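Q: The lines below spell out each chain.
Number of protein chains: 2
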Amino acid sequence: MTQPVPMVEIWRGDLLESQHLGHAVVCDASGKVVEAWGDDEKVIYPRSSCKMLQALPLIESGAADAYGLTSEHLALACASHQGAAIHTDRVQLWLDGLGLSVDDFRCGPQKPSDKDAHEALVRAGKQPCQIHNNCSGKHSGFLTLNKHLGAGSEYIEVDHPVQRASREAFEEMTGETAEYYGIDGCSAPNFSTSVAGLARAMAKMAKPDGTGARAQASKRLVEAMCAHPDLVAGEGGACTELMRAMGGKVAIKTGAEAVYVAILPEQGLGMALKIVDGGTRAAEAAIAGLLVKYGVLDANHPAARKYLHGPILSRRGLNTGHMRLSEGFVQV
Amino acid sequence: MTQPVPMVEIWRGDLLESQHLGHAVVCDASGKVVEAWGDDEKVIYPRSSCKMLQALPLIESGAADAYGLTSEHLALACASHQGAAIHTDRVQLWLDGLGLSVDDFRCGPQKPSDKDAHEALVRAGKQPCQIHNNCSGKHSGFLTLNKHLGAGSEYIEVDHPVQRASREAFEEMTGETAEYYGIDGCSAPNFSTSVAGLARAMAKMAKPDGTGARAQASKRLVEAMCAHPDLVAGEGGACTELMRAMGGKVAIKTGAEAVYVAILPEQGLGMALKIVDGGTRAAEAAIAGLLVKYGVLDANHPAARKYLHGPILSRRGLNTGHMRLSEGFVQV
Numbered sequence: 000m001t002q003p004v005p006m007v008e009i010w011r012g013d014l015l016e017s018q019h020l021g022h023a024v025v026c027d028a029s030g031k032v033v034e035a036w037g038d039d040e041k042v043i044y045p046r047s048s049c050k051m052l053q054a055l056p057l058i059e060s061g062a063a064d065a066y067g068l069t070s071e072h073l074a075l076a077c078a079s080h081q082g083a084a085i086h087t088d089r090v091q092l093w094l095d096g097l098g099l100s101v102d103d104f105r106c107g108p109q110k111p112s113d114k115d116a117h118e119a120l121v122r123a124g125k126q127p128c129q130i131h132n133n134c135s136g137k138h139s140g141f142l143t144l145n146k147h148l149g150a151g152s153e154y155i156e157v158d159h160p161v162q163r164a165s166r167e168a169f170e171e172m173t174g175e176t177a178e179y180y181g182i183d184g185c186s187a188p189n190f191s192t193s194v195a196g197l198a199r200a201m202a203k204m205a206k207p208d209g210t211g212a213r214a215q216a217s218k219r220l221v222e223a224m225c226a227h228p229d230l231v232a233g234e235g236g237a238c239t240e241l242m243r244a245m246g247g248k249v250a251i252k253t254g255a256e257a258v259y260v261a262i263l264p265e266q267g268l269g270m271a272l273k274i275v276d277g278g279t280r281a282a283e284a285a286i287a288g289l290l291v292k293y294g295v296l297d298a299n300h301p302a303a304r305k306y307l308h309g310p311i312l313s314r315r316g317l318n319t320g321h322m323r324l325s326e327g328f329v330q331v
Numbered sequence: 000m001t002q003p004v005p006m007v008e009i010w011r012g013d014l015l016e017s018q019h020l021g022h023a024v025v026c027d028a029s030g031k032v033v034e035a036w037g038d039d040e041k042v043i044y045p046r047s048s049c050k051m052l053q054a055l056p057l058i059e060s061g062a063a064d065a066y067g068l069t070s071e072h073l074a075l076a077c078a079s080h081q082g083a084a085i086h087t088d089r090v091q092l093w094l095d096g097l098g099l100s101v102d103d104f105r106c107g108p109q110k111p112s113d114k115d116a117h118e119a120l121v122r123a124g125k126q127p128c129q130i131h132n133n134c135s136g137k138h139s140g141f142l143t144l145n146k147h148l149g150a151g152s153e154y155i156e157v158d159h160p161v162q163r164a165s166r167e168a169f170e171e172m173t174g175e176t177a178e179y180y181g182i183d184g185c186s187a188p189n190f191s192t193s194v195a196g197l198a199r200a201m202a203k204m205a206k207p208d209g210t211g212a213r214a215q216a217s218k219r220l221v222e223a224m225c226a227h228p229d230l231v232a233g234e235g236g237a238c239t240e241l242m243r244a245m246g247g248k249v250a251i252k253t254g255a256e257a258v259y260v261a262i263l264p265e266q267g268l269g270m271a272l273k274i275v276d277g278g279t280r281a282a283e284a285a286i287a288g289l290l291v292k293y294g295v296l297d298a299n300h301p302a303a304r305k306y307l308h309g310p311i312l313s314r315r316g317l318n319t320g321h322m323r324l325s326e327g328f329v330q331v
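These protein sequences, in sequence, are chains V and H. 0 is the number of the first residue of the first sequence in numbering that gives the first Met the number 0; add one for each residue after it. 0 is the number of the first residue of the second sequence in numbering that gives the first Met the number 0; add one for each residue after it.
It should be emphasised that the hints constitute simulated quantities derived from the structure, not laboratory data. Warning: the hint list may mix true and false statements.
Where chains are identical, the list cannot tell them apart; a pair therefore holds if satisfied intra-copy or between any two copies.
[Claimed, not checked] No farther apart than 35 Å at their CA atoms in a straight line, the calculated lysine-lysine pairs in the DSBU-like style are these:
| hint | residue 1 | residue 2 |
| --- | --- | --- |
| 1 | Lys114 | Lys305 |
| 2 | Lys110 | Lys305 |
| 3 | Lys110 | Lys218 |
| 4 | Lys31 | Lys41 |
| 5 | Lys114 | Lys125 |
| 6 | Lys41 | Lys110 |
| 7 | Lys305 | Lys41 |
| 8 | Lys114 | Lys292 |
| 9 | Lys31 | Lys110 |
| 10 | Lys125 | Lys305 |
| 11 | Lys218 | Lys292 |
| 12 | Lys31 | Lys114 |
| 13 | Lys41 | Lys292 |
| 14 | Lys110 | Lys125 |
| 15 | Lys31 | Lys146 |
| 16 | Lys110 | Lys146 |
Bear in mind the structure is a predicted one, so any value in this text is a computation, not a measurement.
Start from the sequences, fold in the hints, and give me the full structure.
A: Set out below in structure tokens:
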């Protein structure tokens, strides 16, 4: 088993203070590994990075069209959103359109990471609810598929038709049988894959094979993510800022415990990486580095600089340190 | 150079999802390394874990007694507090007693991590200020020493008498010349040491040599931390919960980027550890493991179980995974 490689360094003054190791893979649409660091066969949970795969059955089943979902809905289905008004207002309308309510969600409540939304709740004396959960768009997609299928209310159970469809699409796209599954933070099952399998799935999203239902669904989801970077995360979020910096030509997505994926339609490439320790700052820096290397992100764009280098500021705004990619990984 | 060792594992379902590596050292008061994992000579910034060393000149100079500081003040000087009312009210009174104001701080503003304090600010339409900075107790100590010395207002500059005194005490206690310094999040300098040097300093705090000013100051600071675990961090904080679980017999302190130290007076031992990737959850688990191994923390105490094992819950409260210490590190 190949060991993980140093990927991201945190410097303070002249001392390397902290360091992150990881695995990363770039695949083409034939499934061929174009480039890899660490162990491309390392088995991981993709967590939220695979929401676009989980959303494939929503379209392929006909549910998305039956309920008139737009590209905004599809972007939200792929999102880990910040619970800002632009997210929760749309999710509420989506639920209304389904004739369902927040109580039909099974994702659990979460404090919005959007500052304004959180402060508005506090001022109103209200508690965060399930609509603020960063996965409420994904769960709206699950509920839409579930209504279309006419299945039972516990749509997050691993043997429920919604999750069986999700697993099937996931395994077809990764080209692997999921060896493990875990319960995600939103209580839905999350299936395992190798890092190469995840990159392969992203390459297939980037350059779908043929013109069938899978190809069309893949294309619609990637286009939705690229068209609505603000819905996929939110203001100040890495997915949003980096997708904007790439002018809507590349879809990227973060997952908990430091997973990141990228879908490059023009290049027909998919990327996936996992930082071993789960440190999100390193996953953001590493994916930014890969995107620069493959020519889709300008290393001098302010968003690229922010996620690649920092700076790391004190609470008075003094420059105390910076990040950089480790030798042996991508050099930008 | 010895490599860092696996210390803490994050499991979800039956898959090892993330892993943290680190360095750890246990020293006795003679400076002898009793036990070590990874590289005991690894040079690190102790960050906030060394606040009790930075507070030594406050007492040794006579400033603490000249301004009537109690053990509560001393505990706050060693604290990374959560900005709760029990912290900020005391810091405000301390400033009042010095005839100074929040504007004399140079630590910068910080959102209180205490939920109630943060929500009270939001409801009042107020912004967090410097008093909410987790280091405002340390900076009150700096201001007290500074007033006693009659030095200039920029007490956080590295060549200011307050920081020169802090560096001198730090180097005497670690037994090392600091090779590097960095600017901490609170804009004060933070000096480097090896992990062994930091553990050595903690052992000297645990079992001071002789009855001189250093010994007395060390004893007062350790007693203050042990007497006021709620002031050292706050409700729900690892330092507070684990110190309470040990019945006030051991002082422990966290530092940013996953440093942790422990002072064991009855055993005459000091501990220090650094998780390479800066992951705080792992530093908390690792110090809890060391404290269990050395017989001062009951592995079955709820606080010990929380920091050693989790559980890791979904947002609906489902048990999704757990933490455990890696093979080759402490087994509890």
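Q: Against each hint, give a clear statement of whether it holds in the structure.
A: Do the hints match the structure? See the list:
{"no.": "1", "hint": "Lys114 / Lys305", "in the structure": "both (20 Å within a copy, 29 Å between copies)"}
{"no.": "2", "hint": "Lys110 / Lys305", "in the structure": "both (25 Å within a copy, 22 Å between copies)"}
{"no.": "3", "hint": "Lys110 / Lys218", "in the structure": "within (32 Å within a copy, 42 Å between copies)"}
{"no.": "4", "hint": "Lys31 / Lys41", "in the structure": "within (16 Å within a copy, 40 Å between copies)"}
{"no.": "5", "hint": "Lys114 / Lys125", "in the structure": "both (15 Å within a copy, 14 Å between copies)"}
{"no.": "6", "hint": "Lys41 / Lys110", "in the structure": "within (32 Å within a copy, 39 Å between copies)"}
{"no.": "7", "hint": "Lys305 / Lys41", "in the structure": "both (29 Å within a copy, 29 Å between copies)"}
{"no.": "8", "hint": "Lys114 / Lys292", "in the structure": "within (33 Å within a copy, 42 Å between copies)"}
{"no.": "9", "hint": "Lys31 / Lys110", "in the structure": "neither (41 Å within a copy, 47 Å between copies)"}
{"no.": "10", "hint": "Lys125 / Lys305", "in the structure": "both (34 Å within a copy, 29 Å between copies)"}
{"no.": "11", "hint": "Lys218 / Lys292", "in the structure": "within (24 Å within a copy, 55 Å between copies)"}
{"no.": "12", "hint": "Lys31 / Lys114", "in the structure": "neither (42 Å within a copy, 49 Å between copies)"}
{"no.": "13", "hint": "Lys41 / Lys292", "in the structure": "both (23 Å within a copy, 32 Å between copies)"}
{"no.": "14", "hint": "Lys110 / Lys125", "in the structure": "both (11 Å within a copy, 20 Å between copies)"}
{"no.": "15", "hint": "Lys31 / Lys146", "in the structure": "neither (38 Å within a copy, 68 Å between copies)"}
{"no.": "16", "hint": "Lys110 / Lys146", "in the structure": "within (27 Å within a copy, 43 Å between copies)"}
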